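Trainee: Sequence:
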Amino acid sequence: MLVHGTAAHAHWWDHIAPFLQADGLRVAALSMSGHGDSDWRERYSPDQWAAEVMAVAADAGIAGSPFIIGHSLGGSVAVATARCYGDAVAGIVVIDSPMFEGPPPPEMSTPQMGFGVGRALGYPSREAILARFRLVPEQPALPYLREHVAAWSVTVRENGKWGWKFDQALFAKMAGPPRISAAQAGQARAAGQAGGRAAILRAQHGLMSPGMADRLRAWLGPQTLVAEIPAAAHHVMLDEPLSLVTALRTVLASWTASERRDRTEE
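Per this note's numbering, the very first residue in the sequence shown carries number 8; after that it's consecutive.
Please keep in mind that the hints were generated in silico from the structure rather than gathered at the bench.
Treat the numbers as computed from the prediction; the structure is a model and nothing was measured.
By construction, the Cβ of each residue, glycine as well, lies at the ideal position given by its N, Cα and C atoms.
For each label pair, taking beta carbons as the anchor points, the in silico distance ranges come out as:
id, residue 1, residue 2, range
1, 164, 49, 17 to 23 Å
2, 139, 261, 38 to 44 Å
3, 166, 253, 44 to 50 Å
4, 138, 175, 17 to 23 Å
With a straight-line Cα cutoff of 25 Å, these simulated SDA-like cross-link-like pairs (lysine to any residue) come out:
id, residue 1, residue 2
5, 172, 150
6, 172, 49
7, 168, 179
8, 172, 148
9, 172, 131
10, 172, 146
11, 180, 40
12, 168, 157
13, 172, 141
14, 172, 134
Could you build all of it, start to finish, from the sequences and the hints given here?
Mentor: Following this line, the structure appears as structure tokens:
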């Protein structure tokens with residue numbers, strides 16, 4: 008299961024998923040509620056998004072317990088899924104999800120990051136809104152990938168104007184900004200998550216510092232794999248997609264081989 012970040016959608020994974028399917032895995036990506044073409048809710052929470060992840064996994068026909076791969080906000084949802092569903096999850100991969108023990112620093116706050124900011128009445132044309140598309144945080148990206156995710160990020164509204172698909176009141180509808188706490192990660196480990204299978208992929212120039220990755224590893228357990236994607240910024244699937252694919256295929260191959268050995272020994 009591939010889980011996107013804040014204000015993103017399932018199509019951020021379109022160019023990643025086929026490489027994982029090549030390893031014989033059934034792969035599905037969802038747009039969480041409040042994102043993409045999914046409906047909006049009156050309230051959002053990581054636990055609700057975790058329930059959506061597991062529901063889509065079942066509907067997509069993924070046999071057995073799914074691996075959950077989450078980027079940014081999706082990494083928080085991956086941990087929440089492990090915490091809520093325990094050994095019904097085969098493993099989690101957290102990709103460049105920033106970790107804060109307390110409130111985020113001012114420069115990482117929701118308004119400063121640009122979420123929820125947009126023209127209330129919409130834009131006059133598709134071309135006009137696509138010209139305003141920005142990554143948050145902004146970074147270099149392969150042009151064709153940037154254009155692809157932008158094209159799936161906009162919609163025409165009932166008034167004929169164009170707007171963004173994601174719910175711009177997203178964080179206002181939550182009790183607080185989604186983040187992984189020590190207690191939540193510890194509960195995920197205590198729940199028997201995936202026999203302890205967890206991996207952290209940090210972008211070299213991303214939002215997750217080495218200290219954050221080390222702290223999350225300590226929370227999830229010493230068996231947690233940690234790796235850095237060289238030269239990548241936060242939106243690693245848009246600037247270093249092949250490096251991300253290589254890391255994911257390596258992690259998943261190791262876990263699936265372990266599962267096969269376990270079944271053989273049984």
